[in-house]
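2 protein chains.
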Amino acid sequence: MADKKLVESITSMGEDFAQWYTDVVKKAELIDYTSVKGCMVLKPAGYAIWENIQSTLDAMFKETGVQNVYLPMFIPESLLQKEKDHVEGFAPEVAWVTHGGLEPLQERMCVRPTSETLFCDFYKNDIQSYRDLPKVYNQWCSVVRWEKETRPFLRSREFLWQEGHTAHATAQQAEERTIQMLNVYAKFCEEVLAMPVIKGRKTDKEKFAGAEATYTIEALMHDGKALQSGTSHNFGDGFAKAFGIQYTDKDNTLKYVHQTSWGMTTRLIGAIIMVHGDDSGLVLPPRIAPTQVIVIPIQQKKEGVLDKANELKDELSKKYRVKIDDSDKTPGWKFSEAEMRGIPVRVEIGPKDIEAGKCVICRRDTREKIEVALDELDAKIGEVLDLMQKEMLERARAHREEHTYVATNFEEFEKIFTEKAGFVKAMWCGEEECENTIKEKLSVTSRCMPFEQEELADKCVCCGKPAKKMVYWGKAY
Amino acid sequence: MADKKLVESITSMGEDFAQWYTDVVKKAELIDYTSVKGCMVLKPAGYAIWENIQSTLDAMFKETGVQNVYLPMFIPESLLQKEKDHVEGFAPEVAWVTHGGLEPLQERMCVRPTSETLFCDFYKNDIQSYRDLPKVYNQWCSVVRWEKETRPFLRSREFLWQEGHTAHATAQQAEERTIQMLNVYAKFCEEVLAMPVIKGRKTDKEKFAGAEATYTIEALMHDGKALQSGTSHNFGDGFAKAFGIQYTDKDNTLKYVHQTSWGMTTRLIGAIIMVHGDDSGLVLPPRIAPTQVIVIPIQQKKEGVLDKANELKDELSKKYRVKIDDSDKTPGWKFSEAEMRGIPVRVEIGPKDIEAGKCVICRRDTREKIEVALDELDAKIGEVLDLMQKEMLERARAHREEHTYVATNFEEFEKIFTEKAGFVKAMWCGEEECENTIKEKLSVTSRCMPFEQEELADKCVCCGKPAKKMVYWGKAY
Chain A
165 MADKKLVESI
175 TSMGEDFAQW
185 YTDVVKKAEL
195 IDYTSVKGCM
205 VLKPAGYAIW
215 ENIQSTLDAM
225 FKETGVQNVY
235 LPMFIPESLL
245 QKEKDHVEGF
255 APEVAWVTHG
265 GLEPLQERMC
275 VRPTSETLFC
285 DFYKNDIQSY
295 RDLPKVYNQW
305 CSVVRWEKET
315 RPFLRSREFL
325 WQEGHTAHAT
335 AQQAEERTIQ
345 MLNVYAKFCE
355 EVLAMPVIKG
365 RKTDKEKFAG
375 AEATYTIEAL
385 MHDGKALQSG
395 TSHNFGDGFA
405 KAFGIQYTDK
415 DNTLKYVHQT
425 SWGMTTRLIG
435 AIIMVHGDDS
445 GLVLPPRIAP
455 TQVIVIPIQQ
465 KKEGVLDKAN
475 ELKDELSKKY
485 RVKIDDSDKT
495 PGWKFSEAEM
505 RGIPVRVEIG
515 PKDIEAGKCV
525 ICRRDTREKI
535 EVALDELDAK
545 IGEVLDLMQK
555 EMLERARAHR
565 EEHTYVATNF
575 EEFEKIFTEK
585 AGFVKAMWCG
595 EEECENTIKE
605 KLSVTSRCMP
615 FEQEELADKC
625 VCCGKPAKKM
635 VYWGKAY
Chain B
165 MADKKLVESI
175 TSMGEDFAQW
185 YTDVVKKAEL
195 IDYTSVKGCM
205 VLKPAGYAIW
215 ENIQSTLDAM
225 FKETGVQNVY
235 LPMFIPESLL
245 QKEKDHVEGF
255 APEVAWVTHG
265 GLEPLQERMC
275 VRPTSETLFC
285 DFYKNDIQSY
295 RDLPKVYNQW
305 CSVVRWEKET
315 RPFLRSREFL
325 WQEGHTAHAT
335 AQQAEERTIQ
345 MLNVYAKFCE
355 EVLAMPVIKG
365 RKTDKEKFAG
375 AEATYTIEAL
385 MHDGKALQSG
395 TSHNFGDGFA
405 KAFGIQYTDK
415 DNTLKYVHQT
425 SWGMTTRLIG
435 AIIMVHGDDS
445 GLVLPPRIAP
455 TQVIVIPIQQ
465 KKEGVLDKAN
475 ELKDELSKKY
485 RVKIDDSDKT
495 PGWKFSEAEM
505 RGIPVRVEIG
515 PKDIEAGKCV
525 ICRRDTREKI
535 EVALDELDAK
545 IGEVLDLMQK
555 EMLERARAHR
565 EEHTYVATNF
575 EEFEKIFTEK
585 AGFVKAMWCG
595 EEECENTIKE
605 KLSVTSRCMP
615 FEQEELADKC
625 VCCGKPAKKM
635 VYWGKAY
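Going down the list, the protein sequences come from chains A and B.
At position 418 of the first sequence (counting the first as 1) the number is 582 in the numbering used here, and the numbers step up by one without a gap.
At position 114 of the second sequence (counting the first as 1) the number is 278 in the numbering used here, and the numbers step up by one without a gap.
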């Protein structure tokens with residue numbers, strides 16, 4: 165049995181979801197707070213998840229032809245101001261550098277909140293001819309947005325992310341790349357993070373500052389709130405015109421490039437916590453877990469136990485990411501810690517097990533315990549990890565389906581959001597006025613116009629005028 | 165033969181080494197300049213080298229028990245000021261953030277020039293007991309130092325690096341870790357970058373701001389100038405006392421921790437260029453080269469040539485990092501480009517080769533051409549890459565030996581630095597005054613007191629007083 169003390173130190177989800185979340189990020193040792201308000205330390209357990217996200221996603225990017233680069237972290241004010249919508253969106257929330265060493269700067273610079281303007285400034289010189297296209301660049305870095313309210317992973321003043329920035333010869337190629345990267349994001353979330361997502365397009369009100377179209381993947385958290393988990397933007401030639409990015413085409417005429425950008429952030433770690441976690445702490449999908457298997461020796465002072473446990477660890481390490489806990493804590497405490505940290509499988513091995521040539525394995529998500537013969541352990545763990553990955557996705561999908569509702573008129577719409585939490589599918593006329601009304605009255609926003617449209621009704625759920633699109637609505641992080 | 169045009173576009177090393185360097189970083193497409201003075205774009209070819217440095221070094225770190233973390237990029241001014249020597253060293257060259265969004269900050273913050281103070285602030289809470297020690301953390305990030313004069317890779321206002329920060333129970337453990345990481349750096353430089361280094365200790369004048377001891381690896385560039393290539397610092401308990409980082413030891417008493425830090429930067433890419441490059445451009449050591457082999461089809465429009473070239477590429481890709489250049493440029497131009505980019509081996513394959521069941525491979529460093537039977541190509545390339553890696557190190561070592569001189573009195577010392585460029589080994593009394601005199605008269609600095617000491621003379625090369633240490637002196641980047 166797991167020791168109660170550690171588990172009792174976190175609030176239960178049902179009691180206070182927000183407090184549960186805060187407790188888990190601290191007790192699972194993912195982050196620490198700092199003297200810099202709104203900025204956090206990513207501790208080893210938290211950063212290791214990001215390293216796995218990074219390496220998996222980076223390999224998926226490179227398969228589609230992405231090349232990594234690194235651009236400066238500073239943006240001169242004049243550069244930020246070149247694209248009107250973009251600067252309006254970001255200027256209120258950037259950090260300004262005004263002094264270098266002991267002297268004031270001639271022109272102040274912001275710390276990048278995102279790097280469209282820098283990439284444009286770079287592409288302006290780097291792109292001359294159709295032969296230079298497409299440019300499919302990405303960078304892994306940190307960005308800064310001076311938020312008033314912050315929460316670990318979900319909203320912090322500095323966060324880690326990747327930002328892809330591409331330039332193409334035609335509008336069609338830009339649109340294709342925008343959708344291609346959204347699909348990469350969705351595939352990554354579903355197959356690696358075991359987190360189902362709704363793919364769709366943002367309304368004009370919710371799109372990125374400077375974009376022609378923003379596409380998004382939206383996930384549902386355990387408390388019924390939505391989390392925007394990745395976005396992909398098609399800029400058309402708006403930035404190209406503002407920055408003068410032209411190429412000589414095959415027909416010898418000058419044309420503007422068409423651009424995209426797309427990003428995912430450490431916010432994904434928040435998503436993993438809120439989609440899979442439980443009252444004992446974190447539950448990590450096997451494919452992203454820094455440690456997949458933890459070996460816990462029972463009565464480890466008895467002769468042969470530690471040797472056997474280490475032998476299992478070495479053997480399993482050939483295929484899986486394995487650790488052993490041979491500290492002097494009690495087994496119960498070790499179980500609790502392993503559960504808090506979300507390690508998918510624990511292996512218990514004691515003197516009696518060794519005698520019988522077996523051990524016990526325990527799945528983190530279901531807590532199912534299975535006796536396994538030692539010579540079948542390797543294969544069995546592979547099976548259990550695969551099954552766990554699959555069932556975690558299925559459970560998350562079932563949870564989302566159970567918390568996705570349909571409203572065909574405003575009364576229904578209001579009733580659902582008063583009584584329940586989740587996604588609500590409803591028809592919309594396409595007017596921003598209705599989005600504003602809905603936000604004001606129900607405190608919910610349009611999450612996306614999903615690619616899979618349904619005709620739930622012919623009238624807008626808000627104003628009753630003819631409907632144009634089905635929209636997912638929800639309260640969002 | 166390589167096409168002359170591209171090669172002629174760079175200045176020769178002998179004519180103007182500084183211009184040659186600048187030409188290579190641009191023509192090999194490693195970097196681009198930006199609108200942000202002193203900051204550069206790392207283009208795909210440059211960033212890919214950094215990615216390889218990062219992944220190789222990171223694996224070496226992890227073998228020694230290092231864990232990665234991420235700390236904020238901002239340091240509040242009051243935090244930077246806690247350690248007196250440290251703030252004096254860095255305050256004159258930091259960038260200051262004074263505004264967040266539209267409002268002035270209550271306390272200004274600098275963008276990290278290095279993160280000792282942040283790690284101390286973090287460790288202060290994270291370390292309570294001897295059980296929490298050692299902490300062996302590292303982060304990969306960018307830092308900012310507001311330099312007046314900048315050069316790509318060697319000195320820029322923002323650069324990428326890793327910074328390790330550790331905390332230990334005893335002074336001895338801290339010293340051991342400091343030396344251990346210096347050894348990792350030296351091994352990495354020699355075995356992976358094919359760059360021999362001198363390991364030693366910095367004099368007090370040259371040590372890191374706030375350190376008790378700074379250890380360094382020093383390499384000699386092709387022009388005879390020295391490059392500090394990595395440093396490892398032992399802080400003793402100086403920072404711990406300034407920040408109050410104490411732990412309860414086994415004997416139940418409160419003790420201060422002992423700390424270290426160590427870093428390597430994108431400057432290593434500058435070192436690779438200046439140690440191995442030649443008048444045709446970059447020469448990359450096989451182990452760090454993003455592309456190790458480039459297949460160049462000859463008369464590629466003839467039937468079967470492209471197919472065969474692609475077949476070779478696919479086959480070789482199982483073991484090596486391989487690209488094919490099937491663009492419509494001439495073979496000569498492709499050769500020049502591959503040379504400029506420093507790709508270790510090129511494979512030429514044309515109709516006659518295919519008929520004869522062979523191809524030609526050419527080594528980048530020696531330009532040696534070898535005919536190889538196609539069924540032996542795979543093994544032969546492995547051999548050539550290994551040999552090239554080995555010989556590049558040997559050549560660099562021979563170059564360093566040829567440019568390392570001995571001076572036993574000031575006249576010799578002055579004569580060498582007037583007529584030649586390189587390292588000079590000479591005895592030193594241990595007084596900073598002599599270092600100052602030498603710097604003033606000869607414009608050279610003490611690079612390090614090497615671990616391998618020799619007794620060249622019994623008097624200081626400068627003042628003639630009894631000598632205490634042998635020192636490597638040189639002009640440095």
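In short, the hints are calculated from the structure, not lab data.
Treat the hints with caution; some may be incorrect.
The list treats identical chains as interchangeable, and a pair is accepted whether it falls inside one copy or across any two copies.
Stated by the list, open to error - Pairs of lysine-lysine residues, derived as DSSO-like cross-links and limited to a Cα-Cα distance of at most 27 angstroms, are as follows: (1) Lys248 with Lys201; (2) Lys190 with Lys419; (3) Lys482 with Lys633; (4) Lys465 with Lys632; (5) Lys226 with Lys191; (6) Lys477 with Lys226; (7) Lys544 with Lys584; (8) Lys483 with Lys226; (9) Lys632 with Lys190; (10) Lys201 with Lys533; (11) Lys312 with Lys522; (12) Lys191 with Lys288; (13) Lys554 with Lys477; (14) Lys589 with Lys288; (15) Lys639 with Lys312; (16) Lys191 with Lys414; (17) Lys190 with Lys363; (18) Lys533 with Lys405; (19) Lys419 with Lys191.
**Asked** Going back to the hint list, which numbers does this structure go against?
**Response** Result: hints 3, 4, 7, 9, 10, 11, 14, 17 and 18 break, sorted rising.
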